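Engineer: Chain residues, written in single-letter form:
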Amino acid sequence: MLSKLGRTGMILMLSGLLGGCGIPAMPADMIRPPVSASRLQQDNTSRELIQLLPKQAQVIVPMQSNLGQTISYGDMDGDGVDEAVVVYEENLPSGRALKAALFRQQNDRWQILSEIKGFGYGVEYAGFPDTNRDGRSELALSWSLGEAGNGLDIYELDDNGLRLVKKKQEFRGKVELD
Amino acid sequence: MSIQKRLVGSYVVVIFLTVLILEIFLIASVRFYYLHNVERILINQAELSASFFQQYFAEEDLESQSERLLKGFVYNSDAQVQIITASGQLLQDSNGYERSMGSISMVEYPDVQVAMTGTPGVWRGKDPLTHEPVLAVSYPLKKYEADVTLGEVRFATSLTTTLHTVKQITLILILVGLLVLAIVTLLGMLLSWTITRSIKDLKQAADRMTEGDFDIRVRKRYQDELGSLADTLNMMAARILKTEQLKNDFISSISHELRTPLTSIKGWVITLKANGKDNQLLMEEGLDIIESESERLTHLVDELLDFSKLDNGRITLQLSPVHLQALLQQMGKQLGPRADRQGLALEIQVDEQIPPIQADVNRLKQVLINLLDNSFKHTDPGGLILVSAHMKQGQALIRVKDTGSGIAEDKLAHVLHQFYKADQHAAGSGLGLAISDRIIRLHRGELRISSTVGEGTTVDIILPVENQRNLTIS
Chain A
1 MLSKLGRTGM
11 ILMLSGLLGG
21 CGIPAMPADM
31 IRPPVSASRL
41 QQDNTSRELI
51 QLLPKQAQVI
61 VPMQSNLGQT
71 ISYGDMDGDG
81 VDEAVVVYEE
91 NLPSGRALKA
101 ALFRQQNDRW
111 QILSEIKGFG
121 YGVEYAGFPD
131 TNRDGRSELA
141 LSWSLGEAGN
151 GLDIYELDDN
161 GLRLVKKKQE
171 FRGKVELD
Chain B
1 MSIQKRLVGS
11 YVVVIFLTVL
21 ILEIFLIASV
31 RFYYLHNVER
41 ILINQAELSA
51 SFFQQYFAEE
61 DLESQSERLL
71 KGFVYNSDAQ
81 VQIITASGQL
91 LQDSNGYERS
101 MGSISMVEYP
111 DVQVAMTGTP
121 GVWRGKDPLT
131 HEPVLAVSYP
141 LKKYEADVTL
151 GEVRFATSLT
161 TTLHTVKQIT
171 LILILVGLLV
181 LAIVTLLGML
191 LSWTITRSIK
201 DLKQAADRMT
211 EGDFDIRVRK
221 RYQDELGSLA
231 DTLNMMAARI
241 LKTEQLKNDF
251 ISSISHELRT
261 PLTSIKGWVI
271 TLKANGKDNQ
281 LLMEEGLDII
291 ESESERLTHL
301 VDELLDFSKL
311 DNGRITLQLS
321 PVHLQALLQQ
331 MGKQLGPRAD
341 RQGLALEIQV
351 DEQIPPIQAD
361 VNRLKQVLIN
371 LLDNSFKHTD
381 PGGLILVSAH
391 MKQGQALIRV
401 KDTGSGIAED
411 KLAHVLHQFY
421 KADQHAAGSG
431 LGLAISDRII
441 RLHRGELRIS
451 STVGEGTTVD
461 IILPVENQRN
471 LTIS
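So the sequences go chain by chain: A and B. At position 79 of the first sequence the residue is numbered 79 (the working numbering), and the sequence of numbers has no breaks. At position 358 of the second sequence the residue is numbered 358 (the working numbering), and the sequence of numbers has no breaks.
Treat each hint with caution, since some may be false.
[To be verified] Pair by pair, the computed Cβ-Cβ distance ranges are:
#1 A:R32 to B:Y33: 18 to 24 Å
#2 A:L162 to B:V122: 33 to 39 Å
#3 B:I174 to A:I31: 28 to 34 Å
#4 A:M63 to B:G125: 37 to 43 Å
Simulated from the structure, these hints should not be mistaken for lab results. The structure presented is a predicted model; accordingly, all values stated were derived computationally and were not measured. Glycine included, every Cβ here is placed at the ideal spot set by N, Cα and C.
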């Protein structure tokens, strides 16, 4: 009784929905804070940095940051020009992924130097402390798994690029950088 | 099966199939959407917890930090979270578990079995104790940068709410489908009713007409095929009535026509019987009148027989070459005295180049006498009757033109019909022109009449010149 055309249409529709197109986003995934007035007034630098991030990326404010600042600056390579780090969340088909992006300024233009995969539910701290007191800043990223504690990663920047130097678990709210 | 049932039935079948296919597809999609998403959320949480453990907590003993780990794993999740040792013993449970109550083995769960081998495991089924539908995802907790499984984390959720929601949506979809079916059935019934209503009207009217009631008229409901069929049926009934009327008129008029000479004959016979023996003059006059009246009767009856034969196609033409010039001249001579008597001018004009035509000379003469007789009847003294013949486009054209009273436009269309008389009280059978028309058509020719009231009538006879065969009306 079913015409050939109808059957073909059904198969196409089914394969389209179950295959290529994928399942539409869940309502829970669609909740986003609206753009705040303060963000609109951010300086050109942060706007420039945020524009370099992938589309749909959601910038995250570290728990321990001054006045809810999303971007931290520090000189990692000792050239006198600050690097910047931004932690963001990306909505991938496989789920949400935490990431940190390290920016470097070259010829007055910012570019992404490295992208670092994050863990846990959020970020506790992101900044450039000088942990080994060699005069150069290191990149410290502290990921959070709620009450289970945080995980601290410390990276150094040398000629070969970004290098993980220390991995450490922390149980208290405060980040111990030493 | 009635048309209405067939129409509604096919409607319902088509829509039912459409709705059924859509419903199956939608219900399957909704079910897949919900279950797939619940599973995805659990996998994300388990994966996140397991990878964080591997990155930062793998150094410490699992058992000693399990309580703290559970707090972290439960963070952001409504699912039941369990931490299991590498050997499958339950360490921590967000639903509450005291180790003192005795150790519980989780090995029986398929997802845990898979996770113990070092790969993520997903299981959907019924809880063996509570028989609740459950979806569980187990992830191995591994050592940092090593493929050693230290334990498992297990996220489990009840599927009761999910399945209930899916069931609810399914129910709504089925109800909507049934509603669509009901609406379509109603619409189909309404639509087929508009069709069958007209058909029923037509059938009723046709039934009445079969019984002989031609006064009935079908109501035209819509401007569609059935509407035009109703028009046709009404027109047919009207024509039948009209023919019936003509027939009745004809019978009464022909009875009158037959009765008039008969009355006259009978009257004279009685008169002659009584007084004829003595009066030779009266006798002769009476016999003359009886003779002419008998001739009139014969002529009338001949006409009727002719028409009946022509109508049945039983007349065969005796074709022979006919010289129109000679024929028309002869007719002019024959009818000249009558023209003189009525004070009319009768002119004959024949083109000498006209070739002989194949025709039945007696029939052709009959037609011409008929036409001329009409002209004589309707033309006042001082008028002119012109008979002409010439070639036109390879055909012979004989024209009889008079300056008589003419025929009104509305009657002109009917003059060739049998039994029709423009004036019901005029003498004659009303068959003359109908017979003429049939004879000319039998010759494969055409009879055309044009007329203007007060100016006269023109009748054209168009005959083919090459007419070799013996022809009959088909």
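Engineer: Quick check on a hinted range of 33 to 39 Å for A:L162 and B:V122, using CB atoms only.
Structural biologist: Given a distance of about 35 Å, which is inside 33 to 39 Å, the answer is holds.
Engineer: Using the beta carbons of A:M63 and B:G125, state whether their distance is inside 37 to 43 Å or not.
Structural biologist: At 40 Å between Cβs, range holds.
Engineer: Taking 18 to 24 Å as the stated bounds, is the beta-carbon spacing between A:R32 and B:Y33 within them?
Structural biologist: The hint (18 to 24 Å, Cβ to Cβ) holds, given that A:R32 and B:Y33 are roughly 22 Å apart.
Engineer: Given the hint of 28 to 34 Å, check if B:I174 and A:I31 actually sit that far apart at their C-beta atoms.
Structural biologist: holds, 32 Å
The structure meets every hint from the earlier list without exception.
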